[in-house]
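Student: Sequence:
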Amino acid sequence: MANISEDFRKLINGLVDQGRTRLVIDMGKTEFMDSSGLGALVSRIAATRANHGDVRLAAPSPQILNLLQITHLDKVFKCFDHVDSAVKSFES
Numbered sequence: 019m020a021n022i023s024e025d026f027r028k029l030i031n032g033l034v035d036q037g038r039t040r041l042v043i044d045m046g047k048t049e050f051m052d053s054s055g056l057g058a059l060v061s062r063i064a065a066t067r068a069n070h071g072d073v074r075l076a077a078p079s080p081q082i083l084n085l086l087q088i089t090h091l092d093k094v095f096k097c098f099d100h101v102d103s104a105v106k107s108f109e110s
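Sequential numbering of the sequence shown, starting at 19, is according to my numbering.
Think of the hints as simulated: they come from the structure by calculation, not from any bench. Where hints are given, some of them may not hold.
Unchecked claim - Here are the simulated BS3-like pairs of lysine-lysine, each with C-alpha atoms no more than 30 Å apart in a straight line: (1) Lys96 <-> Lys106; (2) Lys106 <-> Lys47; (3) Lys106 <-> Lys93; (4) Lys93 <-> Lys28; (5) Lys96 <-> Lys47; (6) Lys47 <-> Lys28; (7) Lys93 <-> Lys47; (8) Lys28 <-> Lys96; (9) Lys28 <-> Lys106.
The whole structure should be built from the sequences, with the hints applied where relevant.
Tutor: Okay, here's the thing in C-alpha cells:
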C-alpha cells in the first residue's frame, strides 16, 4: 500500500506542477484505503487548493464513504456518484 500511496502522490504532484489543479479521482474500483492512502488524499487536496484548484472524488464505494465519514473527511472532499458529475461540478 505504501508504494501505491507514494505513486499517487508523485502522479498528483506532476499534474499540479503542470498547472492541472482541478482533479477528479475515480474511486469506483477502490475497495480499501488505509491511513497512508488517506494521507495522500489530504496532502494532495492541500496542494491543489494552494494553487486555486480542488479535488473531487467520483464513485466512492460505501466502504470508502464510510471511512470518509468516520474521519470527517466527507466535509473536506466533495463526492459524486459519477465521474461526469464530478467534472461538471467544476463548471459552476
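Student: CA of lysine 96 to CA of lysine 47, is that 30 Å or under?
Tutor: holds (18 Å)
Student: Between lysine 28 and lysine 106, does the CA-CA distance stay at or below 30 Å?
Tutor: Holds - the C-alpha atoms of lysine 106 and lysine 28 are around 26 Å apart, at most 30 Å.
Student: Would you check the hint for lysine 93 and lysine 28, treating anything up to 30 Å between C-alpha atoms as holding?
Tutor: holds (25 Å)
Student: Are the Cα atoms of lysine 106 and lysine 93 separated by 30 Å or less?
Tutor: holds (20 Å)
Student: Run the distance test for lysine 106 versus lysine 47: straight-line Cα separation, threshold 30 Å.
Tutor: holds (21 Å)
Student: Hint check: lysine 47 vs lysine 28, CA-CA at most 30 Å. Holds or violated?
Tutor: Distance of about 20 Å is within 30 Å: holds.
Student: Hint check: lysine 96 vs lysine 106, CA-CA at most 30 Å. Holds or violated?
Tutor: holds (12 Å)
Student: Quick one, are lysine 28 and lysine 96 close enough, alpha carbons at most 30 Å?
Tutor: Cα-Cα ~22 Å, so holds.
Student: Taken at face value, is the distance from the CA of lysine 47 to the CA of lysine 93 at most 30 Å?
Tutor: Distance ~22 Å between lysine 93 and lysine 47 Cα, so the pair holds.
Violated hints: none; the structure is consistent with every hint.
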